[in-house]
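Visitor: Protein chains in written order, with numbering that gives the first Met the number 0: chain A, 0 to 417; chain B, 0 to 417.
Don't take every hint at face value.
One copy or two, either will do: identical chains are not told apart, so a pair holds if it fits within one copy or between any two.
As the list claims (entries may be wrong) - With a Cα cut of at most 27 Å, we get these calculated DSSO-like pairs of lysine-lysine:
#	residue 1	residue 2
1	K98	K311
2	K162	K389
3	K1	K286
4	K5	K168
5	K168	K1
6	K31	K311
Just so you know, the hints here were simulated from the structure itself, not pulled from any lab data.
2 protein chains.
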Amino acid sequence: MKTFVKQYQCTLCGQVFSPSPTAETCPSCGEKGILDIEYDYETMKKTVDRKYFQNNQDFSMWRYQPLMSVESDDIGKMLHVGWTPLYQAVRLNQEIKVKALYIKDEGVNPSASLKDRASAVAVLKAMEAKKTVISCSSTGNAASSLACHAARMGLKSVIFVPKRAPLGKVTQLMVYGTTLISVDGDYRQTFNLSKQAIEAYGWYNRNAAINPHLVEGKKTVALEIAEQLDFSPTDWVAVSVGDGCTIAGVCKGFYDLLMLGLIKKMPRLLGVQSEGCDPFCQAWKTKSPLKECEENTIADSIAVGIPRNPIKAQKAVANSDGAWIAVSDADILAAMKQLGSREGIFGEPAGVAALAGIQKAVHEGIIKTTETVTFIMTGNGLKDPENARKAVGAPVLLKPDLLALENYLKERGEFKHV
Amino acid sequence: MKTFVKQYQCTLCGQVFSPSPTAETCPSCGEKGILDIEYDYETMKKTVDRKYFQNNQDFSMWRYQPLMSVESDDIGKMLHVGWTPLYQAVRLNQEIKVKALYIKDEGVNPSASLKDRASAVAVLKAMEAKKTVISCSSTGNAASSLACHAARMGLKSVIFVPKRAPLGKVTQLMVYGTTLISVDGDYRQTFNLSKQAIEAYGWYNRNAAINPHLVEGKKTVALEIAEQLDFSPTDWVAVSVGDGCTIAGVCKGFYDLLMLGLIKKMPRLLGVQSEGCDPFCQAWKTKSPLKECEENTIADSIAVGIPRNPIKAQKAVANSDGAWIAVSDADILAAMKQLGSREGIFGEPAGVAALAGIQKAVHEGIIKTTETVTFIMTGNGLKDPENARKAVGAPVLLKPDLLALENYLKERGEFKHV
Numbered sequence: 000m001k002t003f004v005k006q007y008q009c010t011l012c013g014q015v016f017s018p019s020p021t022a023e024t025c026p027s028c029g030e031k032g033i034l035d036i037e038y039d040y041e042t043m044k045k046t047v048d049r050k051y052f053q054n055n056q057d058f059s060m061w062r063y064q065p066l067m068s069v070e071s072d073d074i075g076k077m078l079h080v081g082w083t084p085l086y087q088a089v090r091l092n093q094e095i096k097v098k099a100l101y102i103k104d105e106g107v108n109p110s111a112s113l114k115d116r117a118s119a120v121a122v123l124k125a126m127e128a129k130k131t132v133i134s135c136s137s138t139g140n141a142a143s144s145l146a147c148h149a150a151r152m153g154l155k156s157v158i159f160v161p162k163r164a165p166l167g168k169v170t171q172l173m174v175y176g177t178t179l180i181s182v183d184g185d186y187r188q189t190f191n192l193s194k195q196a197i198e199a200y201g202w203y204n205r206n207a208a209i210n211p212h213l214v215e216g217k218k219t220v221a222l223e224i225a226e227q228l229d230f231s232p233t234d235w236v237a238v239s240v241g242d243g244c245t246i247a248g249v250c251k252g253f254y255d256l257l258m259l260g261l262i263k264k265m266p267r268l269l270g271v272q273s274e275g276c277d278p279f280c281q282a283w284k285t286k287s288p289l290k291e292c293e294e295n296t297i298a299d300s301i302a303v304g305i306p307r308n309p310i311k312a313q314k315a316v317a318n319s320d321g322a323w324i325a326v327s328d329a330d331i332l333a334a335m336k337q338l339g340s341r342e343g344i345f346g347e348p349a350g351v352a353a354l355a356g357i358q359k360a361v362h363e364g365i366i367k368t369t370e371t372v373t374f375i376m377t378g379n380g381l382k383d384p385e386n387a388r389k390a391v392g393a394p395v396l397l398k399p400d401l402l403a404l405e406n407y408l409k410e411r412g413e414f415k416h417v
Numbered sequence: 000m001k002t003f004v005k006q007y008q009c010t011l012c013g014q015v016f017s018p019s020p021t022a023e024t025c026p027s028c029g030e031k032g033i034l035d036i037e038y039d040y041e042t043m044k045k046t047v048d049r050k051y052f053q054n055n056q057d058f059s060m061w062r063y064q065p066l067m068s069v070e071s072d073d074i075g076k077m078l079h080v081g082w083t084p085l086y087q088a089v090r091l092n093q094e095i096k097v098k099a100l101y102i103k104d105e106g107v108n109p110s111a112s113l114k115d116r117a118s119a120v121a122v123l124k125a126m127e128a129k130k131t132v133i134s135c136s137s138t139g140n141a142a143s144s145l146a147c148h149a150a151r152m153g154l155k156s157v158i159f160v161p162k163r164a165p166l167g168k169v170t171q172l173m174v175y176g177t178t179l180i181s182v183d184g185d186y187r188q189t190f191n192l193s194k195q196a197i198e199a200y201g202w203y204n205r206n207a208a209i210n211p212h213l214v215e216g217k218k219t220v221a222l223e224i225a226e227q228l229d230f231s232p233t234d235w236v237a238v239s240v241g242d243g244c245t246i247a248g249v250c251k252g253f254y255d256l257l258m259l260g261l262i263k264k265m266p267r268l269l270g271v272q273s274e275g276c277d278p279f280c281q282a283w284k285t286k287s288p289l290k291e292c293e294e295n296t297i298a299d300s301i302a303v304g305i306p307r308n309p310i311k312a313q314k315a316v317a318n319s320d321g322a323w324i325a326v327s328d329a330d331i332l333a334a335m336k337q338l339g340s341r342e343g344i345f346g347e348p349a350g351v352a353a354l355a356g357i358q359k360a361v362h363e364g365i366i367k368t369t370e371t372v373t374f375i376m377t378g379n380g381l382k383d384p385e386n387a388r389k390a391v392g393a394p395v396l397l398k399p400d401l402l403a404l405e406n407y408l409k410e411r412g413e414f415k416h417v
């Protein structure tokens, strides 16, 4: 399929380049010169209008292919990614108290996180580039989603993880048949080995931020939110932030729709980090450049001390008149229980951090109670049962006896319900 | 919404009863007198035809509401269940070698298993009956799906688990805010306490087999398989079997479509059990009544020594000219790796058991290579990382060094791929 891609532009020096499936960062600026894919919106407009969506029977992220950089004919063979539910959260909002609250549940994607949107694109771009091996270094959702989609499409994946990677996540990767390289070293050593190997062997690179197509996959979450709300997105959209690629994608999606005249204004973006690792929040609060932070939080998917996509992420919040906020691990665990018990959605710590952020932002007056909000729940709680246990504690053992049960329920003040 | 329910009939004595949201088993036959819900197909036919489905924009299990026993107006408030992907498994079938192989991926439901279909119905029926508390005893997917959907709809759930319940599954329940009753006893003591409490307090009963509406929820998986294959389902449909309710539901779904003239013949059902707990297979092989079995398998979701829905399950296989087959835990672990690495789908042991069963059935000539097969993957592998670890083993640690990497890849014979 023909795309409407015009050119790639370096976010640092502004230089423009011709489209290519293997493009990485700007040759002049090096690793910090992250490329942005630019579209010919005037021509795109002739195809992509409200009617296009009304008639579209593809209920997956690929209904947005004309807004993306993927040319592949293999889309029909992929696992089903996207068109995840957007729920109005009436019960949860009895506690948050904004005008209306929505949850975008990304935990029901094939590998159970939003990262499937990026990895699906990466796998198709690798195939366009005639690569048979695709690689990244990661311990988390990027890795599992890559291994998942590579397996489905018959590509080999090579994934580098540091020694400290939790065995549960490593297991998921191995079930997907990835070639797992468990590095006897820290994350930096792991990343460096992956970089050397990718260069030496010519593998396709799915490392975050370096590959400009990944953001184009992630932006589909914003396109869906807008369409699911009949192209009137909420005043605010909140998402947790690690390396900055996801919030950059969310921004790009809404920007596309604005350029196409399909939405009237950008939602304000709330970037949520954990207090244990909040370089974006620090930089925003002190109006100073991003500084490396410790990675000291239970929300491992956003524990990124040196974010790799800072420029796009900072622009996303600044240009949307948004805000940054940091929440504690205790806030995150409380939000996990709240989301589970009020809405029946089980999120991993990084997934529910944005909900904790919304509550704090409402409390601080950043988000007004007269405004509407969407909360992007980025990953399934089943990915990290260890930390979920911290949210709920251990169960109390009870004798198999009706009287014991009755007393237990009374003690907990629950007997009135029965 | 009006339904087409005609009456309830006892599967044991044949007595018929008027519809009721709180109906349980047959008063004459007791717990073994499981009820079957019967429909007025002649009247249903006037509404439910091919055109009804062509025009239906509800892509969830509720597109089949006219074929079900749910009257509730609250369906729109539920979490999104069903219309899960049906994938053609081209890569996996290079190993299985049947005419065509399809995978129905139930792991992407809200609580990550097929049981969401039954629990969603149970919660709506409880609301129809004006109950505010719903209860069951289970350690597995029935419990987590019930807690999930009850939370979303604002019902209280009380779930009884035996002491041995794995902490991971218990954690998920507690995040959903269930009132967890952890019983200091075995499963039988736990079930009995739940039964006493449900009777004493008048809670809504979601115990498997006792509630006749659960099968009506589960049958939607078969309705979807048929519709996704344009009403020409595969020659065989394989599903793993524990208490027998799921295979009974699969049978009922295809039966409905046959009665409506929407499909021409019933697919043959392959009931798959684990060799460590295979009462149905034993009874079938020896042509004798069902006998209690030990529960000695890693596939905990189908480890049911005394199945609670034997009659419907046995009829499902017999009437469809199907077969029973048992697979070993080793077969199950091999199928888990195979499914993950060939198709990018991570299934729990009970979820992949049916795939192991298909392979064995092909090997034994029960399924012919000229036939088409659907494999129902009932639950997500993230629910049970402990057992998945047994499938893949532990990773090998590698020095952060390119030469070490090169040697490692060569040793594994993988360097040819790079």
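Visitor: Each of the hints needs a verdict: does it hold here or not?
Guide: Hints, one by one, checked against the model:
1. K98 <-> K311: neither (29 Å within a copy, 49 Å between copies)
2. K162 <-> K389: For K162 and K389, both the intra-copy (23 Å) and inter-copy (20 Å) Cα distances are at most 27 Å.
3. K1 <-> K286: The answer is neither: 42 Å in one copy and 62 Å across copies each exceed 27 Å.
4. K5 <-> K168: neither (38 Å within a copy, 50 Å between copies)
5. K168 <-> K1: Neither: 37 Å inside a chain and 47 Å across chains, both beyond 27 Å.
6. K31 <-> K311: within (11 Å within a copy, 63 Å between copies)
Consistency note: the structure conflicts with the earlier hints numbered 1, 3, 4, 5.
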